[in-house]
Amino acid sequence: MDHPSAQAAASTAVDDQSVEDLTAALVVVSGRLTRTLRRLAREETDPSTVRALSVVDELQPVRVGRFAAEHLCSQPAATKLLARLEADGLVVRRTSGTDRRAAEFSVTEDGRRRLAAIRGQLTEQLAPALRDLDDADRAGLARSLASVETFIRSAPPEDARR
1 MDHPSAQAAA STAVDDQSVE DLTAALVVVS GRLTRTLRRL AREETDPSTV RALSVVDELQ
61 PVRVGRFAAE HLCSQPAATK LLARLEADGL VVRRTSGTDR RAAEFSVTED GRRRLAAIRG
121 QLTEQLAPAL RDLDDADRAG LARSLASVET FIRSAPPEDA RR
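Numbers 1 to 162, taken from our numbering, label the letters of the sequence shown in order.
Hints are computed from structural coordinates only; laboratory data are not their basis.
Keep in mind that the hints are not guaranteed to be accurate.
What the hints assert, rightly or not - Under the rule of at most 20 Å between Cα atoms (straight-line distance), these lysine to any residue pairs were calculated in the SDA-like manner:
1. LYS80 - ASP57
2. LYS80 - ALA117
3. LYS80 - VAL50
4. LYS80 - ARG66
5. LYS80 - PRO61
6. LYS80 - THR95
7. LYS80 - SER54
8. LYS80 - ARG93
9. LYS80 - ARG63
10. LYS80 - THR98
11. LYS80 - LEU59
12. LYS80 - GLN60
13. LYS80 - GLU70
14. LYS80 - VAL92
15. LYS80 - THR49
16. LYS80 - THR108
17. LYS80 - ARG101
18. LYS80 - VAL64
19. LYS80 - SER96
20. LYS80 - ALA116
21. LYS80 - THR36
22. LYS80 - SER106
23. LYS80 - ARG94
24. LYS80 - ASP46
25. LYS80 - SER48
26. LYS80 - PRO47
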């Protein structure tokens, strides 16, 4: 853990930063964190598979178009990726209950286990850094994460911005 005077200096430095500076730092750090966690993941799963499974898990049951918008890919690419996940037994395709012409995808039990294993590995990698935080810093981080989550949930879907 940092020395108390170092923590106080860091706190003062944060207090002096503008919202724009903190936002810019968050954007940079979140990208670096994502890349670092991908590198540290020991699971043999391709990162695009993990990302795709995460999207399906969050939105399930999800149609191809909504998946493509959230995964930031074309519908043909989404169709191929979902077909691969289905062939690997990680997602299941079902006919939509509201439109018999449409298919919806959900994560299978194997897919949930795979995601849980990957997320568990990443948690193991990141947890030591968070254990060094004092209670006040952990509480601040929890509040910050809640704010970021609120922003993510309030952002319009990709297809609404076109």
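**Prompt:** Where does the structure disagree with the numbered hints, that is, which hint numbers, in rising order?
**Reply:** Structure breaks hints 2, 10, 20 and 21.
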